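Q: What follows is the residue order along each chain.
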Amino acid sequence: MATGQVRIRVPDGVKAGDVVTVRVLVTHPMEVLRMEGGKPVEKNYNFIHRMAATYNGKTVFEAETTQAVSQNPFFSFPVKVTEPGKLQIQFEDTEGRSYTGETDIKF
Amino acid sequence: MNTPIESRARRRALKTLAATGMALGGLSLGLLTPAQVLAAAPGMPLPDEAVADTLVRLFGDRKPQPAGEHIKLDAPLIAENGSVVPIRIESDLPMAADNYVKHVYIISDKNRRPLNAKFTLTPESGRLSMATNVRMAGTTDVRVIAEMSDGTLWEAKQEVKVTVGGCGG
Chain S
561 MATGQVRIRV
571 PDGVKAGDVV
581 TVRVLVTHPM
591 EVLRMEGGKP
601 VEKNYNFIHR
611 MAATYNGKTV
621 FEAETTQAVS
631 QNPFFSFPVK
641 VTEPGKLQIQ
651 FEDTEGRSYT
661 GETDIKF
Chain B
16 MNTPIESRAR
26 RRALKTLAAT
36 GMALGGLSLG
46 LLTPAQVLAA
56 APGMPLPDEA
66 VADTLVRLFG
76 DRKPQPAGEH
86 IKLDAPLIAE
96 NGSVVPIRIE
106 SDLPMAADNY
116 VKHVYIISDK
126 NRRPLNAKFT
136 LTPESGRLSM
146 ATNVRMAGTT
156 DVRVIAEMSD
166 GTLWEAKQEV
176 KVTVGGCGG
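Sequence order for the protein chains is S and B.
Under the numbering used here, the residues of the first sequence are numbered 561 to 667, in order.
Under the numbering used here, the residues of the second sequence are numbered 16 to 184, in order.
No lab work stands behind these hints: they were computed from the structure.
Small disclaimer: the values here were computed from a predicted structure and weren't measured.
We put the CB at the ideal spot given by N, CA and C, even for glycine.
Accuracy of the hints is not assured; some may be wrong.
[Claimed, not checked] Pair ranges (Cβ atoms, derived): (1) F74(B) to S636(S): 42 to 50 Å; (2) P600(S) to G166(B): 33 to 41 Å; (3) L92(B) to T587(S): 37 to 45 Å; (4) I93(B) to K618(S): 38 to 46 Å; (5) E64(B) to R610(S): 16 to 24 Å.
[As the list claims (entries may be wrong)] Listed next, the stretches of chain S that the computed footprint assigns to chain B, with coverage defined by at least 3 CB atoms under 8 Å from CB atoms of chain B: (6) 562-573; (7) 612-626.
[Claimed, not checked] Distance condition first, Cα-Cα at most 27 Å in a straight line; then the derived BS3-like pairs of lysine-lysine: (8) K646(S) to K117(B); (9) K78(B) to K172(B); (10) K78(B) to K618(S); (11) K618(S) to K575(S).
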């Protein structure tokens, strides 16, 4: 799996007003310490430090993660849906790259 | 004798040095609020600290109260691999527009850097029910602290025995 692949799963058969549990997984090494010449370097970390989910353009969930979140971070979070729409999830890592995934929630 | 360009570069270097010194001074005197410290170095690991310091840094002198039935923390009793410890949180705390769970913190007491993650929710979340995987350095308590929009703190705790620690943390 390539780094930065975002996979989102939402349940089927959603009704208006339901609280939907969204599950999202992003492929990322979440490096704790990078080795240089066989020695760990106390800088140059590379991990996802921010995640934000928007539903129809409105922020519904945010996370500030540290290096103590597992490799290939997985999150599940609730969203109350009142109308069908587009769920967009963005991840940012400490090297400034961002990874985005989106899915539609249909009724 | 310095050429004008050289002296200009030198002046700039001195200015940078002075600014850095001031910033460091601000940190060590504790003049910056916790939010500023978190935001000051985006993506840099948090400082090595004991869990008590983390709690003070995040919440000041506010003490969390035991959540009891309000938060159900689901974590394994024994985690064979400390680098992937699944944590699931269910709660019946209100999610109304005027009183809702604003932040959820996951803290592993004995990690070198105890704060695992901080989550921000909104009233639109509907119900607090979430999950993630964290790294743990060794056998220790996992705390989940929910901060309500009015500042009340609720805490749920469970010990997780870790067979093989997830490095770093």
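Q: Determine for every hint whether it applies to the structure shown.
A: How the hints compare with the structure:
1. F74(B) to S636(S): 42 to 50 Å: Between F74(B) and S636(S), where Cβ atoms are some 25 Å apart, the hint is violated.
2. P600(S) to G166(B): 33 to 41 Å: Given a distance of about 39 Å, which is inside 33 to 41 Å, the answer is holds.
3. L92(B) to T587(S): 37 to 45 Å: 29 Å, violated
4. I93(B) to K618(S): 38 to 46 Å: Because 41 Å falls inside the window, the suggested range holds.
5. E64(B) to R610(S): 16 to 24 Å: Roughly 21 Å apart at Cβ, these two residues keep to the hinted range, so it holds.
6. 562-573: n = 0 at 8 Å, threshold three: violated.
7. 612-626: Three-residue rule met by the region 612-626 of chain S, so holds; n is 10.
8. K646(S) to K117(B): 23 Å, holds
9. K78(B) to K172(B): Holds: K78(B) and K172(B) sit about 14 Å apart, inside 27 Å.
10. K78(B) to K618(S): 32 Å, violated
11. K618(S) to K575(S): 19 Å, holds
Of the hints listed earlier, those the structure fails to meet are numbers 1, 3, 6 and 10, in rising order.
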